[in-house]
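Enquirer: Next come the chains, spelled out residue by residue.
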Amino acid sequence: MRAKVDATSKRLNGGRNGRLVELRLYVAGQTPKSLAALANLKKICAEHLEGRYRLNVIDLVKTPQLARNDQILAIPTLVRKLPEPIRKIIGDLSDVDRVLVGLNLRETES
Amino acid sequence: MTRLDKSLTGITGFDEVTNGGVPKGRPTIVCGGAGCGKTMFALEFLVRGATEYNEPGVLMTFEETSEDMTKNVASLGFDLKGLAARKKLVLEYVRIEPAEIQETGEYDLEGLFIRLKHAVDSIGAKRVVLDTPEAIFSGFSNTGLLRAEIRRLFRWLKDRGLTTVVTAEKGEGTLTRYGLEEYVSDCVIFLDHRVSEQVSTRRLRVVKYRGSSHVADEIPFLIDDRGFSVLPTSSMKLDHAVSNQRVSSGVQDLDDMLEGKGFYRGASVLVSGTAGAGKSSLAAHFAERTCREGKRCLYVAFEESPAQAMRNMRSVGVDLEKQVRKGLLRFEAWRPTQSGLEMHLLRIHKLVEEHKPDAVVIDPVTNLLVGSQQELQSVLMRLIDFLKTQQITGFFTSLTQGRDKEIEQTDVGISSLIDTWIFARDVELNGERNRCIYVLKSRGMPHSNQVREFVMSKDGIRLLPVYVGSGTVLTGSARLSQEARERAESVLRQQTKEEQQRVLDGKRKALEAQIAAMRSEFAQEEARVALVARQEKRRKREFSRNALEMVALRGGARQGTAADRNGRVGDEHES
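Chain order of the listed sequences is A and B.
All residue numbers for the first sequence refer to numbering that gives the first Met the number 0, where the first residue is 0 and numbers rise by one.
All residue numbers for the second sequence refer to numbering that gives the first Met the number 0, where the first residue is 0 and numbers rise by one.
Everything labelled a hint here was simulated from the structure, so no lab data went into it.
Check before you lean on any hint, since a few could be wrong.
Reference listing, derived: stretches of chain A covered by chain B, where coverage requires no fewer than 3 residues with Cβ under 8 angstroms from a Cβ of chain B [stated by the list, open to error]:
no. : region
1   : 70-81
2   : 84-95
With beta-carbon atoms standing in for the labels, derived distance ranges [what the hints assert, rightly or not]:
no. : chain 1 : residue 1 : chain 2 : residue 2 : range
3   : A       : E21       : B       : E96       : 15 to 25 angstroms
4   : A       : E21       : B       : V206      : 43 to 53 angstroms
5   : B       : E96       : A       : R18       : 20 to 30 angstroms
6   : B       : G81       : A       : G50       : 43 to 53 angstroms
7   : B       : S184      : A       : E49       : 45 to 55 angstroms
8   : A       : G50       : B       : N141      : 29 to 39 angstroms
9   : B       : K116      : A       : K41       : 37 to 47 angstroms
10  : A       : G50       : B       : T64       : 24 to 34 angstroms
11  : A       : E49       : B       : G32       : 51 to 61 angstroms
12  : A       : R67       : B       : R154      : 18 to 28 angstroms
13  : B       : E353      : A       : E21       : 50 to 60 angstroms
By construction, the Cβ of each residue, glycine as well, lies at the ideal position given by its N, Cα and C atoms.
Next up, chain A with everything else stripped away, as it sits in the complex (with noise of 0.2 angstroms):
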């Protein structure tokens, strides 16, 4: 669970938008809730975001120095740096639908 980036994100510019998303999941070791909202974005992300997002994951385990930055408390958060403004997504990530709300990817159909 490193920082990684994801390969999809290679190809920008794709999608219905057209925009790149830039998103950090923080995570704080491997717990349950980690776990699982590693698990959602993925499977969002592939639903949703096919080929237009880039992804960090972020231990704070190991980074603790990082989560200054993105003023992060909860965990797990998820960080949507680009598009701006930024949004912070708290939480599993089990609820898809206010997760796609969070990340500004349903504003048409709400």
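We have chain A already, so just place chain B on it with the hints.
Expert: Chain B in isolation, oriented as in the chain A frame:
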């Protein structure tokens, strides 16, 4: 039961009030309304820890950014940036932006813990301040979870042995808005900031301190350019050391009235009097004398600026400026209405701690009376206690109103606290006002009961005996004229006396002459009577001899009957 370990906060007065500071290695809640000074308290706890007790600290703020905080406390001389650069302090600003947060499923606040832990570990912090962590309630909706996390946070802090101060906003009828005090069972401190009669007073109360004795009263405190200071309350016991040393009042004649030696060192002296009775002059003499003996004096004035007071005192021959230049005298003046009673007291405390005087003059103490008499009394008691424990002689003046007995009544409330009470008042008579002074009481010494006239000149103060007679006290020119009249009368009386003596002497002489004359007359009379008696005797003798001779001549007459017959014959002869 083991004694609770405590951690000195370094906050002036607070460590005394709590007998050693906050619980070591545990969280303490400091709560109160907006602007009550809780952040200041927390910050000073942290800064003092870092600078004075070698305990680095973490400041985690939830409302103010690190930059704002740094700027805000720079005015108090707290250099947060500098401390951070020297790894004595970590500033961690936790920003909560409800608008950008979407909750989807389960979460916890592990991020907060990680950040705190990282900050603590990075400098080996021993102290932590969480400035209003309740702010998280505004950012997250799951209150139950937040409560559990806060509980976990406090436990975590305790487990790590971090001495923590947590600030919290006062709630409606509760100590804190979210009931944080439920989770912190060790120590809760409540700060209050209230305004009464346009004067603000800050007060602190230790609501709870498990396993420790503490002062339960509300205690005033002050935030000024040197930070937070809590005013220690009066000691419960009357056990201050006493001195037999004497200190001069600065006026020789007054010393004379006090056994010739002046006040006791560490005594509290009150000079009460009407306006213009010479109280300040007495105070200035005392201050100057103290300094001339090489001792230190603090002079707090509420009526005049230092420059004005010192100029005025020169006119009665007291050069206070010189003593100020020498650094022995510290002359402070401020408006009595500037702050609440307790603030005055705190300022005096701070000045005493800075200047370390042997004597403190407060002129006039009655100007502190912005609240009730009772309040003044309680504050004075604390002040006097404070001075006594440090063997500082207190010299207070008190402005009184009214006439005669009323004047004495004015200060009755505080008289029990006073060791030597001097009364100065003016007497109006014959179109002039003159000053009188007397010692109402002076504990532990025989003192003069005289009323003296108080005369000020450029050479200082003299206390002259006044004319007391026919129910009135005469002073000033009345006294002088009365004295002149007395002298004249006395001369006259002397003259009269001599004259009378002369007359009497004459009379005595005349009488004696008369007596002598009468006596001589009497003696002559007496002599004459004696002569007559003698002649009569002789005549009788001669007659009887003649008679015998006649008998003898007639013959035959017996001697015995002859005498009888003689008598009869004599009788016959005479008739």
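Enquirer: Look at each hint and say if it fits the structure.
Expert: Now the hints, each set against the structure:
Evaluation of the coverage hint for the region 70-81 of chain A: fulfilled, as 7 residues show C-beta separations to chain B shorter than 8 angstroms, against a requirement of three. Requiring three or more residues with a Cβ within less than 8 angstroms of a Cβ of chain B, the coverage given for the region 84-95 of chain A holds, as 11 such residues are present. At roughly 19 angstroms, the beta-carbon separation of A:E21 and B:E96 lies within the given 15 to 25 angstroms, and the hint holds. In this structure, A:E21 and B:V206 meet the distance hint of 43 to 53 angstroms, their C-beta atoms being roughly 49 angstroms apart.
The hinted range of 20 to 30 angstroms is satisfied by B:E96 and A:R18, whose Cβ atoms lie roughly 23 angstroms apart. A beta carbon spacing of about 51 angstroms between B:G81 and A:G50 agrees with the range 43 to 53 angstroms that was offered as a hint. Separation of B:S184 from A:E49 is about 54 angstroms and conforms to the stated range, judged on CB atoms against 45 to 55 angstroms. Between A:G50 and B:N141 the beta carbons are some 35 angstroms apart, a value that agrees with the proposed interval 29 to 39 angstroms.
Taking 37 to 47 angstroms as the suggested C-beta distance range, the pair B:K116 and A:K41 does not conform, at roughly 29 angstroms. Between A:G50 and B:T64 the Cβ separation comes to about 39 angstroms, which falls outside the hinted range of 24 to 34 angstroms. Hint check: A:E49 to B:G32, Cβ distance near 54 angstroms, so the stated range 51 to 61 angstroms holds. Taking the beta carbon of each, A:R67 and B:R154 are about 24 angstroms apart, inside 18 to 28 angstroms as hinted.
Between B:E353 and A:E21, the C-beta spacing of about 59 angstroms keeps the proposed range 50 to 60 angstroms intact.
Consistency with the previously given hints fails for numbers 9 and 10, ordered from lowest to highest.
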